[in-house]
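Asker: Starting from the given sequences, assemble the full structure and let the hints guide the process.
Here our numbering is used: the first residue of the sequence shown is 77, the next is one more, and so on.
None of these hints come from the bench; they were simulated from the model. Keep in mind the model is a prediction, meaning the values are calculated, not measured. Built from N, CA and C at the ideal position, the CB exists for glycine as well. Be aware that a few hints might be false.
[Stated by the list, open to error] Pairwise CB distance ranges, derived in the manner of DEER restraints:
hint, residue 1, residue 2, range
1, T158, G110, 45 to 53 Å
2, G185, M77, 54 to 62 Å
3, R176, S84, 39 to 47 Å
[Said to hold, decoys possible] List time: in silico DSBU-like cross-link candidates among lysine-lysine, alpha-carbon distance up to 30 Å:
hint, residue 1, residue 2
4, K119, K198
5, K86, K120
6, K212, K198
7, K78, K119
8, K120, K78
9, K212, K78
10, K78, K198
11, K119, K86
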Amino acid sequence: MKIGSIISGKRVETISASASIHDLVSSLNSHHVGALVVSSDGKKIDGIVSERDVVRAMPGKLDQLIGMHVRDIMTVDVHTCTADSTVAELMTMMTELRIRHVPVVAADGALISIVSIGDVVKNHVNELDSERQALKDYVASGN
77 MKIGSIISGK RVETISASAS IHDLVSSLNS HHVGALVVSS DGKKIDGIVS
127 ERDVVRAMPG KLDQLIGMHV RDIMTVDVHT CTADSTVAEL MTMMTELRIR
177 HVPVVAADGA LISIVSIGDV VKNHVNELDS ERQALKDYVA SGN
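Answerer: See below:
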């Protein structure tokens, strides 16, 4: 199955690198997401920032966190996929790189959407359930 089928109608939320950590946490909370793509224009990917990045920035810097910006904690080496990537490819990438969110880009690199590990797992479970039901039906038909 292709990633394009998972992202159909799925919106991606972005944030500016100059946004405050307070704005980041508020945005993560209000959009009910675990990561935001960092972008100045909504198309070019400057980085990605997640809840995990906020938590990792806290030890020893809790008093400085209020004055920090997204650019101070974001990941700049962003791994992406395309709508033509397969779920299996994405599962492998996420597992090997230990990442939970992967932006989906067009051929020109423009941001289209984002896929979370939850999206991938849900899709995989649905595929397995469909296969299980097909095998069950086949066995029940006596063929």
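Asker: State for each hint whether it applies.
Answerer: Cross-check of the supplied hints:
1. Between T158 and G110 the CB atoms are about 22 Å apart, so this pair departs from the stated range of 45 to 53 Å.
2. Range check, G185 to M77: Cβ separation about 23 Å, and the 54 to 62 Å hint is violated.
3. For R176 and S84, the Cβ-Cβ distance of about 21 Å falls outside the hinted range of 39 to 47 Å, so the restraint is violated.
4. Note on K119 and K198: the hinted pairing holds, with a Cα-Cα distance of about 27 Å set against a maximum of 30 Å.
5. Restraint check for K86 and K120: the C-alpha separation of about 18 Å stays at or below 30 Å, so the hint holds.
6. Proximity of K212 to K198 is assessed by CA-CA distance (about 21 Å); at most 30 Å being required, the pair is judged to hold.
7. A threshold of 30 Å between alpha carbons decides the hint, and for K78 with K119 the separation of about 21 Å falls inside it, so the pair holds.
8. For a cut-off of 30 Å, the pair hint linking K120 to K78 stands: about 23 Å separates their Cα positions.
9. For the suggested pair K212 and K78, the alpha carbons sit about 25 Å apart, so the restraint of at most 30 Å is met.
10. Among the hinted pairs, K78 with K198 is consistent with the structure: their alpha-carbon atoms are about 14 Å apart, no more than 30 Å.
11. The straight-line distance between the Cα atoms of K119 and K86 is roughly 15 Å, inside the 30 Å bound, and the hint therefore holds.
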